[in-house]
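If you read the sequences in order, they're chains A and B.
FYI, this note's numbering numbers position 278 of the first sequence as 278, with every residue one higher than the one before it.
FYI, this note's numbering numbers position 253 of the second sequence as 253, with every residue one higher than the one before it.
Since the hints were derived computationally from the structure, they do not count as laboratory data.
One or more hints might be untrue.
[What the hints assert, rightly or not] Calculated lysine-lysine pairs in the BS3-like style (CA-CA distance at most 27 Å, straight line):
| # | chain 1 | residue 1 | chain 2 | residue 2 |
| --- | --- | --- | --- | --- |
| 1 | B | K87 | B | K77 |
| 2 | B | K152 | B | K676 |
| 3 | A | K316 | B | K838 |
| 4 | B | K87 | A | K2 |
| 5 | B | K486 | B | K496 |
| 6 | B | K838 | A | K320 |
| 7 | A | K2 | B | K331 |
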Amino acid sequence: MKTPPFRLHRPTTIEEAVSLAADLENRNQGFDWVSGGTDLLANYKWHINTKPHVISLASIEELTRHDRYHIGAMVRLHDLEQGPTHALLRKAAGTIASTLIRRSATVGGNLCLDTRCFWYNQTEDWRRSIEWCHKCDCDTEADCRVIPNQNTLCVATYQGDLAPCFMVLDATIHLAGSDGVRSMSIADFYALDGMTRNVLKPGEFVTHVSIPEESSDLNGDYQKLSLRESWDFPEAGVATAWKRDATGLSTLRIATTACESIPRIHTEQAQVGLANWNGESTAVEIADAIRKEVKPVNNTYFPPAYRRKMLRVLTKRALKGTWM
Amino acid sequence: MSKGYRQAPGSSSNKKRKDGKRTAGKQDFGVPGSGGSNPYSELQDIERIPASQGGQLEQPRGPHVHDPHITGQTIGKVTPLVDSRWKVTGQAEYGDDIRLPNELIGRILRSPHHYARIRSIDTSAAEALPGVRAVSTGMDSVNRFGVLPVTKDEHAMAQEKVRHVGDLVACVAAESEEIAIEALNHIHVDYEVLESIHDMEDGLLDNEDPIHDRGKYHIGESNVQKRVFQQFGHTEAMHEAPFQSKSDWTFAGLHHGFTEPHAVVAHWDPNGRLQLYTPQQVPHYVHRALSSVLDVPMHQINVIRTFVGGGFGGKSDPFPHEMCAAILAKKSGRPVRINFDREEVYWINRGRHPSRIQMEVFADEEGRIAGIETDALIDGGAFASFGHVTTYYNGVLHTSPYEIGGFHYTGARVWTNKPASGAMRGHGAVNSRCAVEVAIDEVCEQMGVDPMTFRLANLLPPHSRTITGFRITSTGMRECLDEVRKQSGWDEKFRKMPLGRGIGVGCGFFISGSGLPIHWDPENFPHATVHLQCDMDGGVTVHTGAADIGQGSDTAVAQAVSEVLALPLDMIRIRSRESDTAPVDLGSYSSRVTFMNCNAAIRAAIELRDKVLNAAWEITGYHPDSLVLGDRRIYYKRDPAIGVSWLQAVHKAQADTGSLISTGAYRTPPMGGVHKGAAAGLAPAYSFSAYVAEVEVDPETGFVRVIKAWAAHDCGKALNPLAVEGQIIGSCHMGMGQVLSEEMRYGRTGHLLNPDLLDYKIMSVHEMPEVVPIIVESNDPEGPFGAKEAGEGPLLPILPAVVNAIYDAVGVRVNELPVSPDRLYSTIEKQCRKLGIKDPLDLPNPSFEPSPLQNKLESRAEEHSHRDLQRDLLKDRSSYVNGVLFGFDPDRPLTEQSEGWRESVTPTPEDLADPKKRAARAWSHVERRHRGDDA
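With the rest of the complex left out, here is chain A (with noise of 0.2 Å):
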């Protein structure tokens, strides 16, 4: 099936780009950021939520910037996983999909990822089927077909890799629009649902991620559930950071991913066990804790129950470097 016909806009600095997507917003025109294009345009292909026009960022120089506390939201996956940021980021980049799709996918991309469900990521068809959902309706105000009889919430899972590393590094996040720029923690950039899922405007986009020059004293990991090594997006993810200094650990961050409609960070679970820290035990309690407090839902692959209970081993696991 081929993808419908849209029309792409090339613009090459970040101003230009803001006043194209102003202009198409004013007159009612939809349109779509893209970047690698290895999700939205595989979704295209599905005809989900398609829009008339695609803004592509790909050819802004800026967006490209990549040093160690600056990484720009087009730097390919590929190019940070070899690149001079911390290794945290580093790994989990390397974990993503495959080498063909690290190549064109990027940052920023990443980072906005599509929420994903089995009853929306399908073809036309398909969806047709099953009469549509919340999240793609075409018109009909279709229901939730996870959850059903609740037409307000969109359940479909955020299975991005890197926001929870990103996350646990205490990055800032950059947003530029037509009301100028703004900038937040990452962890504020989420939005509790799977069709929201972050607070971008309309008109508004991504332009860098930067960390703090402290994150270079963190040590951390992330521990991803996927069946298999390529491919396959995030089952559940946790990213953990902590420092060891010679009173012992003073730092200790934890994020989920890839179980709800948003990654989030667990600073009371990790303030908690910072505070009775006492190696491997303390780590097996956290990981508990998060268990309970994430809710993931039968829309992935796995099972939710298992995904919850494998959160726990990979927190355990992730943890494994602050008493070892």
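Starting from the known structure of chain A, arrange chain B on it as the hints suggest.
Frame of chain A, contents of chain B only:
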């Protein structure tokens, strides 16, 4: 002796230049096709010629009837496939590559409902759309078709009912894909939704509206499409055996996962003949089906097989979209191309049946298999496809390689509102084989016997008969087991590795060609026919209908011809694409092609060779019996200097007749029993295999990683070791996919959730372990040069080998495939709860304490090894039937020797008494014709 042909009159040989260059205008032409200055490219390899023919190659299992035809040319040599260059340079034309001028694009309207009655279809809006050239519905295709003559239940498009989501309703041909899709949205169908069934057990019940109606043959009012009962041997005694394994298996449905989606181009040529281009495994069945669906005689249809981008059984049915393309092309008067999207490939399916199998294996105090009792309920989806055969195969294909005391099988196939299941690599044998082999492992555990020894002490010997009457000729089972045992280091590893690490063994048994062809009368027609044609250039054109689907059948047939004629492979040209030029061949299924086509090719080549040898006799004066074929040369065997070139002899032979033509055919010998269903599983030869897999299991997550697999397969004789190894490794990949990750997953609403290659989890290169392919050659007496199949059988053993290895690693038995991490983890959790263990890392390892039986079985295996060798070399010619191990006389009917011995295919109420047996329930229904209400 001839000097070749001269170009012009008056040319003179005494003015020849002495510097070796040719004189302009006056040169001698070489003999046409002589290969220029290097006519004799290679000397024949004397080491590949069997000892019986004066060479050095020993046939460890004695001489073969084809030995005299071995010339050392290609057989047994690593040979790249003859079409490989086309593929690797991207020049091979697959279905999707066919572009005819002026083509239209066809698209298919599919059912959005699982099960519904069509009240009306309104196509007027679609027809009115600019750019739409033809619209067609079920009205245009009222004739039924189906791959098996007994179960024709398909139509090009739905007649009255749609039977699964994705079932074909209508189709459109338009100037572009966009217009065609737009037109589909303009077709208005009024459905009356019916109550659909999705669970195969519901298919056993009576239903108001069964998915199909088979008229007087309908079984009750249920959705049971086929039921089978077979009982052989001492089935009562087996229940008293001291060692018993009972398990209840669930196997998910599988798709073949081939790379190339279905594609078809249909074109009615100016003479009104249909030209159909399609990637098909069985072009002949399409040919027949088209003829009956379109009401056009077969001679007005030419089916052209394109390159096939993977089939594995999934392209062996005649398909409704092939009919649709032909219908649209006729209506529009233009070529029509239909390409499938990936989810359409899953909706047409024909993959492995989802199955529930209850498996019981019994062993007696002597360490013999007292019996096997199997109940297999298989989910056929919406159509019959090959299901009739599959229902038999689930039982009859596990009556070997072991000698068994009894065999009790109940099988049933039901229709459900899902995409149709069909034939897939290892057709019908894979699931029940896995269950049997795992049960044997469990029985061995109870007995305190090494499963390797147990198997070696219970094998049927060469030249024997199975319990249901299959004729076993060659078997390399013992050698397969010996090899994997040695190479894997089995004795050092079994039950000796730490938690999380395990090793397991599994065996396989598969048909090498089906003795009863599906669409043919074996009494009157051969299974395979090959024509050869040799003209002045000396090259040989082979006309065969065998469909090369990537398995290398073109190469195998070319090799057979090249071997007999002692010609290099590049002088053999295969024409196997068009039904217009190819003799009828039944296609690439049931692993029949190498066995049957190569046999036919050898016969054709012998006929051609004899013509050429007779010509050489005339030239040289030496009788053909004293002539030898070398590489493009025929010479006197005592003085190779005396001889003629191949071309000279060919030209001599052509003197009066023009181009040389020969033909060869193959038909299986009469064999097998006489009971109903005796032909199912009957084959002229059987392949055997034994694999050992070593795995790593993470007890905390349930992830299984296969580290290495040792795969020994008895293919009789590896005509092309490269292709055989490729098949073994490929089979391992496919089998590991089934055991660890692949499944067609249906959601709670009955929809197929993963009709795409991201969520249908085929293993990636990261998960694929090293596979050590081990070729065992048992030199089959009827196989071409001793060969048997290697395409499907190698898939079977990897499943039980992995499952048994998982047990060795963590001590839990799984009865559900695929063993995805979540399933294994929940089994591990259960085990932990049972043992009162908190951390799965504290699970105990299974251990092995040999019982006194171990020694006994070891010495029996040793004895049997000697017995098998004697029978292999034909030194022991006594008859052997299944039962001799239990003390029976093979020369008297077993029913006479034991009161309890039964051979029955009609169940008594006692046979079906167990209410837990699922397929047995299918027998609670009475066929309409036996109820007297068939009006």
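Hints versus structure:
1. Proximity of B:K87 to B:K77 is assessed by CA-CA distance (about 21 Å); at most 27 Å being required, the pair is judged to hold.
2. Annotation: proposed proximity of B:K152 to B:K676 holds, straight-line Cα distance about 20 Å (limit 27 Å).
3. For the hint linking A:K316 to B:K838, the alpha-carbon distance of about 16 Å falls within 27 Å, and the restraint holds.
4. A distance of roughly 25 Å separates the Cα atoms of B:K87 and A:K2; the hinted pair therefore holds under the 27 Å criterion.
5. At most 27 Å may separate the alpha-carbon atoms for a hinted pair to count; B:K486 and B:K496 meet this at roughly 16 Å.
6. Taken as a hint, the B:K838 and A:K320 pair is honoured in the structure, with Cα atoms around 20 Å apart against an allowance of 27 Å.
7. With a C-alpha separation of about 25 Å, the suggested pair A:K2 and B:K331 falls inside the 27 Å cut-off, and the hint holds.
Of the numbered hints stated above, none is contradicted by the structure.
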